[in-house]
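Line order of the protein sequences matches chains A and B. Be aware that the first sequence starts at 1, since it is given in my numbering, and climbs by one per residue. Be aware that the second sequence starts at 1001, since it is given in my numbering, and climbs by one per residue.
No wet-lab data here; the hints were simulated from the structure. No residue lacks a Cβ here, since even glycine has one placed at the ideal position from N, Cα and C. Just so you know, not all the hints are guaranteed correct.
[To be verified] Interface residues of chain B toward chain A, partial, derived using beta-carbon atoms under 7 Å:
no., residue
1, E1020
2, G1038
3, Y1042
4, V1064
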Amino acid sequence: MGSKTPLYDKHVEAGARIVDFGGWDMPLHYGSQKEEHFAVRERAGVFDVSHMTIVDLAGDRVREFLRKLVANDVAKLENYGKALYTCMLNEDGGVIDDLIIYFVGDTDYRLVVNAATREKDLAWIRKQAEAFGVTVTERAELAMIAVQGPKARELAAPCIDAAHRDAALALKPFSGLFAGDWFVARTGYTGEDGWEIVLPAAAAPATWDRLLAAGVAPCGLGARDTLRLEAAMNLYGSDMDETISPLEAGLAWTVAWEPADRDFIGRAPLEALRGRADKRRFVGLLLEDKGVLRNHMKVVVDGVGEGEITSGGFSPTIGRSIALARVPAGDYDRAQVEVRGKLLNARIVKTPFVRNGQVRIDV
Amino acid sequence: MSELPGDLLYTNDHEWLRRESDGSVTVGITEHAANALGDLVYVELPEVGQDVDAGGEMAVVESVKAASDVYAPVAGTVRAVNDELADDPEKINADPYGDGWIVCIDPSEFDEGELMTPDAYQELLDDLDD
């Protein structure tokens, strides 16, 4: 028996197939993973993401602390509520975790980190925070739901306190606000519009019921994975980990090099890798032959070398198999993947594969 | 889950088989297996005329989630494969004991001792639920 979120009984009630996910009993699907996937692409779905770890930071030197702790630069966050996606690196430039940071006040930031990395993240953050006098508070008492899809905000808006509803609907992408004791942000992990809502655990079941009654489909971890893969959003532990630099995981865009004197943890090894010609590529693959690409399959680039699929699967929206892969440096646009002893043909494509309901690659 | 068809035999690996009047054996995966895999998206079929060993890998079914081998319940030669699964693998989810059949084998020998009756397979499923 794993940990249970405040919505566990709701999942069982909705007929969920429950699986262990990083020590949590979570819904995999509620009948059909594909139908849940399309509900989000075409209309609206809701995910329980209460297993994710919310950490509040406070202190006079919190901004200075975060400019040291993570590879992206919180100095980019000019307005309250703005969000920043970033990696937290170790001294070797490997990724301890990827996270979202919300700027909630001059001396306050909110972090959302992965569930499976909770303990090491908290230990690392607390260790680094000491020198800055920053207090680190885990908010385990809060629940979190993600409402995603083209109709998500419209269908979820009635759940938001009326005094804050218009402001919530006016949120720009990648920003959030406090709506009473809720925190609503226009963020997500699906490639669709929507909100991620942090709310008191006691309010979560009634909100869940209300969303389902409004026609929002309950969606499990299975659909969450196919949606994020189509959107080419990285999954920690699959696409990157402590041995992988963000520069070899397609996350160079999250590294703020300027100002050059900002000494974030892991900067020196990243600088060293940055100019290297043998730096591995991180690419999207579309399988041209029939079959399904899976994590850890070997990628073969004729005359160049070998790589590995870090996230592979079937894309319900495209109807073909797609993958993210780490492959050798070089100028090429085709590769082969070893599937059960056979080499199948794949094409390197520019990601995302799908965004806002639209296929974005040539199929 | 609905009741198991009474005219079939079953394996530990959640395949079913039916002895046809002409001596051939039709094979598929059970509703339990199809549900556990979830929505199927791809089926890799053997060649017609290929020899298969009892318990040997014969086909692969892949869902959104995972790939799973389908084993030959009897030794023999592949007489026919369900080509319609290439374009519509979800037939296995929709009708696992009918339109979702996978392979038809001409058995070289038929050892019923390794196979389960519907009652025995139901017991296996009940144990899995506990």
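Hints and how they fare:
no.: 1; hint: E1020; in the structure: violated, 29 Å
no.: 2; hint: G1038; in the structure: holds, 5 Å
no.: 3; hint: Y1042; in the structure: holds, 5 Å
no.: 4; hint: V1064; in the structure: holds, 5 Å
The structure is inconsistent with hint 1 alone, although it conforms to all the rest.
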